[in-house]
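Student: Each chain, letter by letter, is given below.
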Amino acid sequence: MAPNETGLQLRWSVLYGASRGLPVSAFGGVGEPNATRFKAIGLPGARAQLTLVLVIAFIWSVVALDVPGGLVHSGGIDALGEITSAFFTPDLSTDLLGTVIGDAWTTLAFAVAGMTLAIAVGVPLGVLASGVLQTGGLQRLGVMAGARSLLALFRSIHEIVWAVLFVAAFGLSPAAGVLAIGVPYAGILGRILAERLQDAPQEPLDALRTSGASETEVLFYGRVPSAAADVVSYAFYRLECAVRAAAVLSFVGLGGLGLRITTALDDLAFERMWTAVFALVLIVVGIDLWSALVRRRLLR
Amino acid sequence: MSTTEPTTATSPDAANHEADICKIDGVTFNYGNRVALNDVSFSASRGQTIALIGQSGAGKTTLLRIIAGMLTPTSGTVSLYGEQPSEIRDASRRTRLVGMMQQRLDLVPQLSARHNAEAGMLGRWSLWRSLAGLALPLKHGPAEDALARVGLAGRGTERVSKLSGGEQQRVAMARLLVQDPEVIVADEPVASLDPDLANELIVLLKSIAKERGRTVFASVHDPRLAIAHFDRVIGLRESDVQFDLAADEVTSEHLQSLYERFNGAERDGAATEMERPLWGI
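Top line first, the protein sequences correspond to chains A and B. Residue 1 is where the first sequence starts when you use our numbering, and the numbers rise one by one after that. Residue 1 is where the second sequence starts when you use our numbering, and the numbers rise one by one after that.
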């Protein structure tokens, strides 16, 4: 083994020497002194040289690409103009407003139902994953590892992929949409909750234990109050995301604002599209205001 | 217990005798190979107020934590009303026997003053009762009474994070009142307060202890406060009891020898090295 080892060492030292000795000027890093010298005499530095190379590479790649029908759609500029002008003249006819309000209600219902499921599943799992209730060594580790991997499984799959899976299982039913939002969001919410519960400052918790609190009482009197504001505002942010996700899921046929937007786009009826988009924006703004109110109460 | 020669007690049932109902007997505590307390013995009678003074690192906090049962001594015993606090597993019994007030940061800032004070009941309440206390608009009699006693009448619903430092200290005292242990252990209860406020709160602590017949062990930063308001003053230096006197017997010579710096430079270095870990705990 000895000759091999020396060989390895030799190669390493050669590499090492090369990396130290070579004047690496193009990409900053090792060539830092070079770069500063360039700057000092007014020549473009390593970063500028790199930018130039990348820009040339990009232009070359665009020219080299052979896209059938041209890279930019010939009617694209016109369509963009139509979309822009429709932005200022959304369709506000009572007919459409009625349907859009119904669609908005559907989307909101999916989002709220999904979030409710996420909270119902994510909160208990998050508490278990934080390991704050168990004191025993092995059992605690087992519970934590189990809850953590379940949460990881939930959130490592995107809601659209969950939607495809659940639609395959249940068909195009509302349950599929609610589960598709609820499952991944439970994973995210549970993880955030677990971390916040663990990060609660220790001194007040110790004082609670000294006054005779059990770990469950420490959880409710110490950890939950310290985590509440963060977790609640994060849950509201997630509700906004759930509204967006519900809209996207309705593209795949679950009904709601997303479906309205797709059909309007298919008809090139941009005025109708904007009406639906504005409804979506209104929901998100509404949630934002609600969230601010709740947060103010929590931090009163 | 035959660990060391007892200072005052002789009979085996001395623990139930009023005169030395709290007995610290030959207590030694080591953090790794650093000696934090070296064979400390003294006893106290019911209702006595005892101040611990000394430089930081002298072992005051360690001693108080041992009395409160939060640390188990390396050797020696602590006996309060005939029981060893660190041996009591039942939370209700332990919290009735001894309660501790820490230096700072021991309240839950997001909770109301009332809920913080009510935490003193957690040792006695069932889980359901304590959850109901948080969630339902129940009567908060004991907590409100205790808050009124410390001068925070009618302010139970305020969040602790919105209270001033002195008010937070009062809430911590109210929590101890709600818990109402036989032995009150207080580690620097007024360390971060201005002198007037510190004085006021020490007087409050003393009068509460006297009216209920509670025994108090408190470490006090300012020896003048200790001498003015406590029955007895124990001077700790280098992990050892340097003097243990009635408050009116403490002289300026005692204090001078307690607080004078170490002589040798290398001893000084060793001492500051020891201070840090003791503070941190």
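Treat the hints with care, as some may be off.
Ranges between beta-carbon positions, derived for each pair [said to hold, decoys possible]:
1) B:LYS139 / A:LEU293: 58 to 66 Å
2) B:LYS162 / A:GLY76: 53 to 61 Å
3) B:THR157 / A:LEU293: 39 to 47 Å
4) A:ASP206 / B:ASP248: 49 to 57 Å
5) B:ALA247 / A:ASP206: 27 to 35 Å
6) A:SER149 / B:ASP194: 52 to 60 Å
7) A:LEU289 / B:THR157: 24 to 32 Å
8) B:SER257 / A:THR216: 21 to 29 Å
9) B:THR251 / A:LEU138: 40 to 48 Å
10) B:ALA148 / A:LEU299: 45 to 53 Å
11) B:TYR259 / A:SER149: 16 to 24 Å
12) B:SER161 / A:ASP206: 56 to 64 Å
Which stretches of chain B does chain A cover? Using the computed rule of at least three CB atoms under 8 Å from a CB of chain A, they are [to be verified]:
13) 107-113
14) 128-141
15) 206-219
Calculated from the structure, these hints are not laboratory results. Cβ coordinates follow ideal geometry from the N, Cα and C atoms, glycine included.
Student: Determine for every hint whether it applies to the structure shown.
Tutor: Hint-by-hint comparison with the structure:
In this structure the supplied range 58 to 66 Å is violated for B:LYS139 paired with A:LEU293, their Cβ-Cβ distance being about 29 Å. Checking the proposed 53 to 61 Å range against B:LYS162 and A:GLY76 shows it holds: the Cβ atoms sit about 58 Å from each other. Here the CB-CB span from B:THR157 to A:LEU293 is close to 19 Å, at odds with the stated 39 to 47 Å. A:ASP206 and B:ASP248 have their C-beta atoms about 36 Å apart, which leaves the hinted 49 to 57 Å range violated.
One distance hint, 27 to 35 Å for the beta-carbon pair B:ALA247 and A:ASP206, holds here, with the actual separation near 31 Å. Judged by the Cβ atoms, the range 52 to 60 Å given for A:SER149 and B:ASP194 holds: they are separated by roughly 53 Å. Checking the proposed 24 to 32 Å range against A:LEU289 and B:THR157 shows it holds: the Cβ atoms sit about 26 Å from each other. Range check, B:SER257 to A:THR216: Cβ separation about 50 Å, and the 21 to 29 Å hint is violated.
Between B:THR251 and A:LEU138 the beta carbons are some 58 Å apart, a value that contradicts the proposed interval 40 to 48 Å. Between B:ALA148 and A:LEU299 the beta carbons are some 27 Å apart, a value that contradicts the proposed interval 45 to 53 Å. Evaluation of the 16 to 24 Å hint for B:TYR259 and A:SER149 yields a failure: the beta carbon distance comes to about 57 Å. Between B:SER161 and A:ASP206 the C-beta distance comes to about 19 Å, which lies outside the given range of 56 to 64 Å.
With a cut-off of 8 Å between beta carbons, the stretch 107-113 of chain B has 5 residues touching chain A; three or more are needed, and the interface restraint holds. Taking a C-beta to C-beta cut-off of 8 Å, the stretch 128-141 of chain B contributes 3 residues in contact with chain A, enough for the three needed, and the coverage statement holds. Counting residues of the stretch 206-219 of chain B whose C-beta lies closer than 8 Å to any C-beta of chain A gives 0; at least three are required, and the coverage claim is violated.
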